[in-house]
Each structure stands twice: as C-alpha cells, then as structure tokens.
Amino acid sequence: MPSKTSWINKELIIQILRNVGWIGIVYFIGLLFSLPIDILGKLTNPNVIYYNSLYENLFKIQYPIQMGLLFFIPVLLAVFIFRFLHVKQAADFIHSLPISRGRIFQHTLLTGLGILLIPILLNTAFLFILYGMTEVNLYIDAADIFAWSGITMLMAVLFYLAGTFIAMITGLSAVQGVLTYILLLLPAGLFLLITFSLQQLLFGFPQDYFYNIQIEEYSPIVKAAMLENKLISWSDALIYSVISILFYGLALILYKKRHIEMAAQPIAFRFLQPIFKYGVTFCFMLIGGMYFIELQEQAGWIWFGYIVGSLIGYYVAEMILQKHWRVFRNWKGFVGYLVVIGAASLLFHFDLFQYEKKVPEASAIKEAYVGYSYYDLFGSDLMYTSEDGITDFRRDPMMKSDETIEAIRNLHKGIIDLGKMPIGYNYELMPAFFYYKLEDGTTIARSYQVKQGTLDQYYSDLYETKEYKEASNDIFQINEDQIDKLTLHKEFAAGRTLSIVDPEDIKEAIGILKQEIYNETFKDQNRLNSYSIEVLLSNNKRTSISVRNSYDEFEKWLRAKGYLEKIKTTSDDIDWIYILDKNDHIRELNKGKYPGDIFPELKKQGTGLEIKDKDKVEEVIENLSYDRENIPYLVGIKYSGQSYVDVMGLTEENAPSFVKKAFE
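The numbers in our numbering rise by one with no breaks, and the one at position 594 of the sequence shown is 594.
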C-alpha cells in the first residue's frame, strides 16, 4: 500500500527558519523588554510610582519602542523571507524543487506568520502571568491585555501581508521595502496632496473640512501611530482583516503568474510598469505644486511647480524602471501625460461641473450653517438644553428658518460674485465657511477668504436675524435657574473680578444681556469687550459671555446695582493712551511685527495725540473697536502693570470729536 506524502515540507520550513528566524527572536526580546520586564521593573522599584494611566492602554508603556517594532519588524520579515524571489540564483533553485508554487508560497507565508505571531503570543502569556501573580491587576484589566495582543497581531499581520503583496510586484528587495511603506501611506498621502491642489484650483473647496474627516482613517500606519491615545474600533479591525485577506489573495495569484526571470527587475509585471511610472509622475506633480505654493504664494508658481514636479517624477520613474540614468530620450510619454493632465485641468478652469457657482436652492435646504471655519461647527463644545432642562455642552448650531437660510444663501452668492482673492493676498481677509444639509440627505460644504468690508450688507442681514444670534450665542441655551454664579472679569487690565450670586440679580443680568444681543448690529461686533462673564452652572459646567462697550443698558443695570465701579476699566487703570492717524504711519506699521511695538517710539517723537484728561480717556475707552484695518485711527493703550502696548481702533463714526479735530 503506497504511503501518503505529507503536505508539510519540514526541510523547507527549517531552511526558512535558518534564514529569517533571527527576526522573530529580535521581535520577542524587544517586546519582552518593552512590556513584561518594564512592568515588572516598575512594580519592584519602590521609588517608581506606577501611574494609573497605564490601565487605559497598554500601548502607553514604552510606546516608541512598541511602535518602532510594529512598523519595522513585519516589513523587514516580508523583505527577507521573500528575498529568494529577487535573487536569480535563489529563485532558480527554489523553483527547481519538486514542490508546487502554491506550496512554496504557503510554506513561506505561514512560516513568516509563525515567526511574527509567536513572540506576541509568548509576551501575552507573560503579561497574564504577571496579571495573576502580581499587583499589576490593580492597574490593568485582562481585557487590556487581550486588546493589546489582538491589535498588535492584527496590525503586524496587515503590514506583513502588505510587504508580501509588494514582494510579488517587484524584483528588488530595497524597492519592496520602500513600496510597502508607500502603499500603506498612499491613501492618506494622496488625500492630502489632492485636497491641497483642489483648494487652489476650485474656488470654495473646503480643504480643512475634508481634513476633519480624520485622515488617520485612510492609512493603517497613521492609525497605528495613534494607538497610544486611541485604540482601533471593531469596524476598523474588520476592514483591516478584509484588506489582509485581499493582500493574501492577490499575492498568491501574482506569485503563480510571476516569471522567474523577473528577479532583479524593479517592477516584475509589464502591465504594472505604466501604472508605476505615471503614478510616480502624478505624485511628484502634486508635491511640486504644493512646494511652490508654500514657497512663493503666487498663482503662476502652481503651474510651474506642477510641470517641474511631474518632469522630475517622470524621469525618476524611468530611471528606476530602466536601472540607469540615460533615459532622457524617452520624452514622448511625458508629453502624452501633459496633454492628458492639461485636458483634465480644463474641467476645473471652466468649472464644467458648476462646482464653484453652486448654491443650493432654498427649497432643497433642510438646515444651514455659516461661520468662520468648520471648527466652529464640528470642533467646539457647544451648549445644549434638553427638554428636561439639563444644560450640557452640545448645542446644534444649524439654522432652519426661511429668513436665516435666505440670508445665508445671499451671502454665499455675494461671495461667489465677488470672486476669488489672489493667492497670497492675505491682507484684510477673513474666513467664511458654509455647510448645508439638504432634504435628500446629502451635504454641501464650501470655504472662502473674504475681504473685510466688501460684503457688510450681506453679513448685516444675516447677523441681525434672531435665529442667527440664538444659534451663535451660548447665553440663549442657558437655563437661568441652573446658574450658580456669574463672574465678571475686567478685560485687558487683569486682576479685578466681580461675582454675582444672588438668583434674582442673575436672572435680571441674563435677561438684559439677551436683549442687548438682540439689539446689537453687525457693526457693533467689532466694538471692544469691556469685560467677560464666566457662567458657572449647577452641574459645574462653564461657559462665557462677552460684554461689549456698546451694551449701555447692561452698564446702567450694573451701575444701579452698585457693581459697575467695582469692575469697570477707568483712567486709573491706564498709564497712557496714544492715538495715531493710521494713514500717516503706514510705512512704520508695515515694518513692525505687531503695531504695539512702534507706539513707544512714536510717542517719544510726538507724532500723534496723547490723551491725559480722565474724562477723555474714558470716552476713548468706551468707543474702542477691535478692527485695526478699516479704521482711520489706531489707539495704543499702556495698562498699569502691563509691559506691552495693546492696540485698538477708532472708527470715523465712533471717534470722539476732539480726536477728529486734532488730526484735521
């Protein structure tokens, strides 16, 4: 009766272990010293406090070493274990053995997985021994050990199989290592480069908004680098498992179709060579455009950067593929690339998809938002009062009324009609971010830079709507019955505070402040904040309210209650005030890093107006504005006990008559 031949080839496994087994030993020792021995050392050292933060995440322990091992070992193993594919003599020898290609691949791959996973499993066992025999269980749970072990194995297998897949594509080990990391970073890198370029090419493209989608989701390396603070989710684990299986399947298919003679070739499959060449060209083109935009900040340099970057990328790819530098006669492919890219750029230049002109119809909008940036919408802690009256910091800033939505649309259309500001033209610009949720469930986001003062009527129409004020001010979300204390802080001249704890006074103050905000005009928002109010709620949550110097009714209330003299900034808080005609000092202002730096010298020269009279000082203070760009007068204020000079503005409308007269 014939004997049955085993599928397992022990000699091949032993040969693989002799060649690359040392990598597993290095990995085991690295993990041993970075986790079990490190923990044991801390536990037995009476001078070391074992911080409770460790129980949050085992990746916090010797994090740099763990990440270095995780990023380096799996790729290094893939390079060395499949090196026989990249050396002609070794490739000829292995494939002359009476073993099918499928078995060679499976033996090599699975032996590598054993070398990679056994060190992790052994260190997991040591961690559980420490967990059962020492007081480390006071700081970490068994679930933390399982999480560390599972995530480490998953990410290591993913990186290893990515390196295996690349090993089938290339015939050079060095290229395999580089391309593996490029593959793992490629989605995030391309995302960054493409969104940066689209911001330059498409008017209104919200680059920062797309960055908010969390770029780490596009690269497992970036995701792994954040494990110290955030473990991967179950959905991430499922995605990475599927990607690993995909890498395995593609690697097996490519290995069976790979020609042995392609060893030492940069790209082992001819059909992949154009993809590699033009992929490198495209990436270098985007990098070139980004570099020259950041360096020169001029529109013409974008195209120069694109052309130079693509030229460098094209010939670098040609030199890699042909393995020598004499490739400059191969220019036809580059010309063809430029023709294709030039044709594609026309889509953006002529806005054939109407991206730049698109403002959704009012009937299609469910709710809308406008602010300075997406951070104001997605990134801030906003207050929200639930139906049971409990106030938390989650307010919905979206606006829904027909009046407000129409004002948002009119402002949006006004910005589009105004057109794009020249690249690098940052003087007097302010950001504007629009976000629409449509009735069909889709969203539209746009971001712009707008020159201040050009669209004030549109801004005024929006700002003065009741819904906008309620959506953008936390005070309208506060339940007065939940306020324990109002603390007034004097603006600029620090050190003086006032607390209001009487419930009736608190209710009166909040009611008056709400009415002041309702009455406030768009121009008033540039008025100086006299002081800020910290609101302490009964659940220990806090928020703040800015009180402008235009809030006359609130100031009258403070005076009537006897609070004003305790908090108001007066001439006694100021060493000096000096006023300049802005137009007379443009040259000096352009030289200074901050306008306050030049005031002491100009004050010595006597080129402006010094205010000494107490009544005049207080009149100037009451009319100050934050705007320093669109005003005729700059005001330098040296507060007592302050080493620097604050600089504010005075508008033509609010400047006292004695100031105007002095500069006639």
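Calculated from the structure, these hints are not laboratory results. A portion of the hints provided could be inaccurate.
Said to hold, decoys possible - Here are the simulated lysine to any residue pairs, SDA-like style, with alpha carbons at most 25 Å apart: (1) Lys490 / Leu536; (2) Lys612 / Pro595; (3) Lys485 / Gln449; (4) Lys514 / Glu467; (5) Lys616 / His585; (6) Lys507 / Lys616; (7) Lys400 / Glu361; (8) Lys523 / Glu622; (9) Lys523 / Lys612.
Said to hold, decoys possible - Computed Cβ-Cβ distance ranges for the label pairs, DEER-style: (10) Leu418 / Gly342: 25 to 35 Å; (11) Ser96 / Asn45: 27 to 37 Å; (12) Ala344 / Gly102: 39 to 49 Å; (13) Val26 / Ser532: 51 to 61 Å.
Don't be surprised by glycine CBs; every beta carbon is placed ideally from N, CA and C.
Tested hints:
1. Lys490 / Leu536: holds, 17 Å
2. Lys612 / Pro595: The hint holds at about 21 Å.
3. Lys485 / Gln449: Violated: Lys485 and Gln449 sit about 39 Å apart, past 25 Å.
4. Lys514 / Glu467: Holds, at roughly 13 Å.
5. Lys616 / His585: Status holds; Cα separation ~23 Å.
6. Lys507 / Lys616: violated, 34 Å
7. Lys400 / Glu361: holds, 14 Å
8. Lys523 / Glu622: holds, 15 Å
9. Lys523 / Lys612: violated, 28 Å
10. Leu418 / Gly342: 25 to 35 Å: holds, 29 Å
11. Ser96 / Asn45: 27 to 37 Å: About 57 Å separates the Cβ atoms of Ser96 and Asn45, which means 27 to 37 Å is violated.
12. Ala344 / Gly102: 39 to 49 Å: holds, 42 Å
13. Val26 / Ser532: 51 to 61 Å: For Val26 and Ser532 the Cβ distance comes to about 57 Å; the hint holds.
Hint check: violations occur at hints 3, 6, 9 and 11; the rest are consistent with the structure.
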